[in-house]
Amino acid sequence: MSIVLLRVDERLIHGQVVIGWGHELRPDRYVVVDDTLAESEWEQGLYRLGAGGTDVVFLTASEAAAALAEYGDDASRTVILTRDVATMRRLAEGAALKGRTVNVGGLHHGPGRKKVLTYIHLTPSEAEDVRRLVDEGVRVQARDLPDAPKVDLAAELGFK
Amino acid sequence: MSDPVARTGVVLAHGTMAVGLVDAVRHIAGSAADALVPLSNEGLSPEDVQARIEEAAGEGAAIVFVDLQAGSCCTAALASCRACADRIVVTGVNLPMLLDFVFNRGLPFEELEQRLVDRGRSAIRPVSADRTPAG
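Those protein sequence lines, which keep their order, are chains A and B.
One point on numbering: in the working numbering, the residue at position 142 of the first sequence is 142, and numbering is uninterrupted.
One point on numbering: in the working numbering, the residue at position 34 of the second sequence is 34, and numbering is uninterrupted.
By construction, these hints were calculated from the structure, which means they are not laboratory data.
Every residue gets a Cβ at the ideal spot worked out from N, C-alpha and C, and that includes glycine.
Possibly wrong hints are sitting among the right ones.
From the structure, some residues in chain A lie toward chain B, with a derived Cβ separation under 8 Å [said to hold, decoys possible]:
id, residue
1, E10
2, R11
3, H14
4, G15
5, V18
6, I19
7, L46
8, Y47
9, L49
10, G50
11, A51
12, G52
13, H108
14, H109
15, G110
Listed below are the simulated SDA-like cross-link pairs for lysine to any residue, each with C-alpha atoms no more than 20 Å apart in a straight line [said to hold, decoys possible]:
id, chain 1, residue 1, chain 2, residue 2
16, A, K115, B, E42
17, A, K114, B, E42
18, A, K115, B, P46
19, A, K114, B, E47
20, A, K115, A, A148
21, A, K114, B, P46
Chain A extracted, bound-state conformation (with noise of 0.2 Å):
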């Protein structure tokens, strides 16, 4: 099992991951799921300046769909990153994530979201994708960097 993160943060590639998380995991490589950035090689040139060397990957959810039990028999250890939690939803169907834990990490203040964790806010949209990752066998739990406390977000939203 070498997806040693699974982790949804608007920020994607940035110093809780790279140092907080990067720390800790010591991954090999972070594959960043967004249709958007897959098609941006300028944005990919950005979040790559972030990573301090460590290997990423751009897919689209679907590549990145069809590539995860590769990532999870490889030998390298990696990191799976959505800005958003419908991305990770969209992995997570047809149980492909059952059992697995999700790490809700940043979702910052926004229109139409409402405040659940200090670093989460949600819109009504999302909190029904994480109640949809819990429905597919998927433990979703807030946890900014690996010493802060685990909050199980399903609980927290109601939906335990």
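Please build the complex by placing chain B on the supplied structure of chain A, with the hints as guidance.
Frame of chain A; chain B shown alone:
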């Protein structure tokens, strides 16, 4: 093309670092610190950070100082420069770098950019009571 003049320094960092740095510049250099605008990414989405940079930098030339290269501050700062030829990003901001900026911000961009990097780097060195720092 002539070099634009650096009129504003936007200091963008995690937590309260930027406010602290600009406050330190003000204590040392007085009103010259007015050329600096501190920003934090705390609790902001990437889009909101970029909007704050745009607001702080205004329409004139600007340098965006950020703390980490591997960070959301740097990513947002670089994105803000995409369509703005008279804006650059300098990573690894420190106090000597900012002090130099506020007194030399009228220099041509290319000269200023290298100068700030040199000042920031040269200020980092081991010093002890019984050892004179290398020049």
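ask   = Any CB of chain B closer than 8 Å to the CB of H108(A)?
value = OK, holds: H108(A) within 8 Å of chain B, min 4 Å.
inquiry  = What's the verdict on K114(A) and E42(B), does the C-alpha distance respect the 20 Å limit or exceed it?
reply    = 17 Å, holds
message = Under 8 Å is the threshold here; is the Cβ of H109(A) close enough to any Cβ of chain B for the hint to stand?
response = Holds, because the Cβ-Cβ distance from H109(A) to chain B comes to roughly 6 Å (cut-off 8 Å).
ask   = Should the interface hint for H14(A) be scored as holding, given a Cβ-Cβ cut-off of 8 Å against chain B?
value = 4 Å, holds
request  = Under 8 Å, Cβ to Cβ, is where G50(A) needs to be relative to chain B, so tell me if that hint holds or is violated.
outcome  = Since the shortest Cβ distance to chain B is 4 Å, the answer is holds.
request  = Verify the interface restraint on Y47(A): the C-beta must sit less than 8 Å from at least one C-beta of chain B.
outcome  = The hint holds - Y47(A) has a Cβ within 8 Å of chain B, the shortest such distance being about 7 Å.
inquiry  = Does A148(A) sit within 20 Å of K115(A), going by the straight-line distance between their CA atoms?
reply    = 18 Å, holds
query = Holds or violated: is there a CB of chain B closer than 8 Å to the CB of G15(A)?
reply = 4 Å, holds
ask   = Does the nearest C-beta of chain B fall within a distance shorter than 8 Å of the C-beta of E10(A)?
value = 6 Å, holds
message = Under 8 Å is the threshold here; is the Cβ of A51(A) close enough to any Cβ of chain B for the hint to stand?
response = 7 Å, holds
task = Tell me if L46(A) is really an interface residue toward chain B, meaning its C-beta lies closer than 8 Å to one of theirs.
result = 5 Å, holds
message = Hinted pair, alpha-carbon criterion (20 Å max): K115(A), E42(B). Please report holds or violated.
response = 15 Å, holds
The structure fails none of the hints (numbered hints given earlier).
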